[in-house]
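Protein sequences appear in the order of chains L and F. Positions 2 to 109 (this note's numbering) are the ones given, in order, by the first sequence. Positions 53 to 165 (this note's numbering) are the ones given, in order, by the second sequence.
It is worth saying that the hints were derived from the structure and are not from the lab. Check before you lean on any hint, since a few could be wrong.
Claimed, not checked - Straight-line C-alpha distance at most 30 Å; calculated BS3-like pairs for lysine-lysine:
hint	chain 1	residue 1	chain 2	residue 2
1	F	Lys153	L	Lys46
2	F	Lys66	L	Lys43
3	F	Lys109	F	Lys153
4	F	Lys123	L	Lys80
5	L	Lys3	L	Lys46
6	F	Lys123	L	Lys43
7	F	Lys123	L	Lys46
8	F	Lys153	F	Lys61
9	F	Lys109	L	Lys3
10	L	Lys43	F	Lys109
11	F	Lys153	L	Lys80
12	F	Lys153	L	Lys3
13	F	Lys61	F	Lys109
14	L	Lys3	L	Lys43
15	F	Lys109	F	Lys66
16	L	Lys46	F	Lys109
17	F	Lys109	F	Lys123
18	F	Lys153	F	Lys123
19	F	Lys153	L	Lys43
20	L	Lys80	L	Lys43
21	L	Lys46	L	Lys80
22	F	Lys61	L	Lys46
23	F	Lys61	F	Lys123
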Amino acid sequence: RKEVEQDPGPFNVPEGATVAFNCTYSNSASQSFFWYRQDCRKEPKLLMSVYSSGNEDGRFTAQLNRASQYISLLIRDSKLSDSATYLCVVNRGYIPTFGRGTSLIVHP
Amino acid sequence: NAGVTQTPKFQVLKTGQSMTLQCAQDMNHNSMYWYRQDPGMGLRLIYYSASEGTTDKGEVPNGYNVSRLNKREFSLRLESAAPSQTSVYFCASSEWTGIEKLFFGSGTQLSVL
Chain L
2 RKEVEQDPGP FNVPEGATVA FNCTYSNSAS QSFFWYRQDC RKEPKLLMSV
52 YSSGNEDGRF TAQLNRASQY ISLLIRDSKL SDSATYLCVV NRGYIPTFGR
102 GTSLIVHP
Chain F
53 NAGVTQTPKF QVLKTGQSMT LQCAQDMNHN SMYWYRQDPG MGLRLIYYSA
103 SEGTTDKGEV PNGYNVSRLN KREFSLRLES AAPSQTSVYF CASSEWTGIE
153 KLFFGSGTQL SVL
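With the sequences and hints as input, model every part of the structure.
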C-alpha cells in the first residue's frame, strides 16, 4: 500500500457545487498534515494545514481522522479558479510525503 | 523576498552529460529538499537536508548527488544523465523538517535525450 493515497479524479463539477476529496495515509506515526494546491506546470503552494480539531479557511474546510487514517478537504461554492490539482502531504519525522494529487475541474 | 530560487528553468541534456541544478532560499530556513515530479506519480523526494551540514536520501536517490553548500544553498547534481531522469524538479525549503510547511521554487523542466 502506498504511504499516501489519493483518488486522481478528475472531479468535474459545476460552479457553485460542493466537492470533497479524501486522502488516506498508512503510517499511524504521521505527525502533521497539509493540503497543497498545484496549478498546471507550476510549483505547489500551501492551501492549508490540517489540525486534529478540523479547520476552516473561507470556503475550504480540512479535517483529520486519525482513527481511520485519512484527511479530507471540502470546497464549498466552487469557483472556476478552484480548478487545479490538490495534493495532500503527510509528514512523518523528516519526510514530507506527497500523494499523487486529485484533479478538480470546475466548469461554468 | 525572492523565497526559493531555482536555476535553470529549462534544460535539455544528452544521455551521459552531467549538470547541476541550483537552489537558494532567503528565508533563513534550516531544511531543504529536492523533489521530482513525473506525470501520474506525484512528487517524490530525491534528497533532503535537515540542517546545514547534513544530507539524507529520500525515496528515489539513485543517479543523483546533492551538496548543502551553506544554509542558503542546496544543489542537485546528475553525474551521467539518463532518459529516465526526464522530469520536473522542484526544490523546497522549510523552517525545520517534518512539521513545517514547504516553500517551493518554480521548478526545472529537464529533458534527457
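Going through the hints against the structure:
| no. | hint | in the structure |
| --- | --- | --- |
| 1 | F:Lys153 <-> L:Lys46 | holds (9 Å) |
| 2 | F:Lys66 <-> L:Lys43 | holds (25 Å) |
| 3 | F:Lys109 <-> F:Lys153 | holds (20 Å) |
| 4 | F:Lys123 <-> L:Lys80 | violated (40 Å) |
| 5 | L:Lys3 <-> L:Lys46 | holds (23 Å) |
| 6 | F:Lys123 <-> L:Lys43 | holds (25 Å) |
| 7 | F:Lys123 <-> L:Lys46 | holds (22 Å) |
| 8 | F:Lys153 <-> F:Lys61 | holds (23 Å) |
| 9 | F:Lys109 <-> L:Lys3 | holds (18 Å) |
| 10 | L:Lys43 <-> F:Lys109 | holds (25 Å) |
| 11 | F:Lys153 <-> L:Lys80 | holds (25 Å) |
| 12 | F:Lys153 <-> L:Lys3 | holds (22 Å) |
| 13 | F:Lys61 <-> F:Lys109 | holds (24 Å) |
| 14 | L:Lys3 <-> L:Lys43 | holds (25 Å) |
| 15 | F:Lys109 <-> F:Lys66 | holds (25 Å) |
| 16 | L:Lys46 <-> F:Lys109 | holds (24 Å) |
| 17 | F:Lys109 <-> F:Lys123 | holds (18 Å) |
| 18 | F:Lys153 <-> F:Lys123 | holds (18 Å) |
| 19 | F:Lys153 <-> L:Lys43 | holds (17 Å) |
| 20 | L:Lys80 <-> L:Lys43 | holds (19 Å) |
| 21 | L:Lys46 <-> L:Lys80 | holds (18 Å) |
| 22 | F:Lys61 <-> L:Lys46 | holds (18 Å) |
| 23 | F:Lys61 <-> F:Lys123 | holds (22 Å) |
Violated hint for the displayed structure: number 4, the only one.
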